[in-house]
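*Asks:* Listed here are the chains, written in short residue letters.
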Amino acid sequence: MAEAAHGSARQIKVLYFAGLRETRGDPEEVVSTAAGTPAALYRELAARHGFPAVPEGMKVAVNDEIADWQTALASGDTVVFLTPFGGGR
Amino acid sequence: MRFALSSAPLDPAALARDTHRSAAGALVTFEGWIRDHNEGRGVTALEYEAYGPLAQAEGERIALAAEERFDVEAVRCVHRVGRLVVGEIAVWVGASAAHREAAFGACSYVIDEVKARVPIWKKEHYADGSSKWTAPGRPAPAARGT
Numbered sequence: 035m036a037e038a039a040h041g042s043a044r045q046i047k048v049l050y051f052a053g054l055r056e057t058r059g060d061p062e063e064v065v066s067t068a069a070g071t072p073a074a075l076y077r078e079l080a081a082r083h084g085f086p087a088v089p090e091g092m093k094v095a096v097n098d099e100i101a102d103w104q105t106a107l108a109s110g111d112t113v114v115f116l117t118p119f120g121g122g123r
Numbered sequence: 057m058r059f060a061l062s063s064a065p066l067d068p069a070a071l072a073r074d075t076h077r078s079a080a081g082a083l084v085t086f087e088g089w090i091r092d093h094n095e096g097r098g099v100t101a102l103e104y105e106a107y108g109p110l111a112q113a114e115g116e117r118i119a120l121a122a123e124e125r126f127d128v129e130a131v132r133c134v135h136r137v138g139r140l141v142v143g144e145i146a147v148w149v150g151a152s153a154a155h156r157e158a159a160f161g162a163c164s165y166v167i168d169e170v171k172a173r174v175p176i177w178k179k180e181h182y183a184d185g186s187s188k189w190t191a192p193g194r195p196a197p198a199a200r201g202t
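These protein sequences, in sequence, are chains X and G.
All residue numbers for the first sequence refer to my numbering, where the first residue is 35 and numbers rise by one.
All residue numbers for the second sequence refer to my numbering, where the first residue is 57 and numbers rise by one.
Hints listed in this document are in silico derivations from the structure and should not be mistaken for laboratory results.
All figures in this text were calculated on a predicted structure; none of them were measured in a lab.
Listed next, the stretches of chain X that the computed footprint assigns to chain G, with coverage defined by at least 3 CB atoms under 8 Å from CB atoms of chain G:
no.: 1; stretch: 43–55
no.: 2; stretch: 97–106
no.: 3; stretch: 109–118
Label pairs and their computed distance ranges (CB to CB):
no.: 4; chain 1: X; residue 1: E56; chain 2: G; residue 2: A64; range: 22 to 30 Å
no.: 5; chain 1: X; residue 1: A87; chain 2: G; residue 2: R73; range: 43 to 51 Å
no.: 6; chain 1: X; residue 1: A87; chain 2: G; residue 2: H76; range: 42 to 50 Å
no.: 7; chain 1: X; residue 1: E90; chain 2: G; residue 2: D92; range: 26 to 34 Å
no.: 8; chain 1: G; residue 1: E87; chain 2: X; residue 2: P86; range: 29 to 37 Å
no.: 9; chain 1: X; residue 1: P89; chain 2: G; residue 2: A183; range: 20 to 28 Å
Glycine included, every Cβ here is placed at the ideal spot set by N, Cα and C.
All chains, please: the whole structure from these sequences, using the hints.
*Replies:* See the structure below:
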């Protein structure tokens with residue numbers, strides 16, 4: 035990846051829930067990544083762990099609040115990818 | 057605390073008492089129960105998994121918003137996490153108010169918002185031994201519940 039320049043690696047903690055947790059086989063991991071946004075991070079992790087392409091309705095949280103997919107990530111951030119939840123009527 | 061996650065069974069009578077106020081002439085509650093079927097399949101158990109910190113914060117914001125939007129005395133909501141079997145209560149919502157219209161409105165608002173905004177995932181375990189994480193938003197031919 036072009037953005038994977040030397041010295042740009044961030045340490046990001048990723049928490050997994052539900053289907054992603056089962057696919058990953060672990061509830062959390064710390065990744066060293068050059069990804070600068072949740073969108074780029076998800077692409078990287080999806081390729082590594084075999085996650086599905088971003089499902090319709092998936093959201094992302096950074097540091098325990100819903101965030102934009104293009105939010106700038108910083109070392110030490112905690113990221114959660116939220117596959118669709120809830121429902122029922 | 058207006059919203060809580062619970063790994064222990066819910067006590068609706070105790071929750072109702074906690075939600076009632078002496079100024080309230082109305083107490084409206086909603087109970088979401090584990091049902092023995094969904095979309096034509098027999099269901100034996102459900103597993104709820106929450107992203108705790110965000111679920112707690114979002115649930116609290118929803119209950120607080122309900123207290124601001126409706127003329128109510130108190131709003132409470134508790135959602136179970138973990139494995140539940142058919143016949144258990146998965147979610148409880150209560151709203152007390154001087155008059156019933158506000159209590160009905162707040163109760164309905166809270167359950168709708170919780171379903172849409174609180175990150176709690178649900179895995180259905182079926183009578184045939186299989187299981188799957190459910191995804192919302194798909195139109196279903198039959199009425200769907202909790």
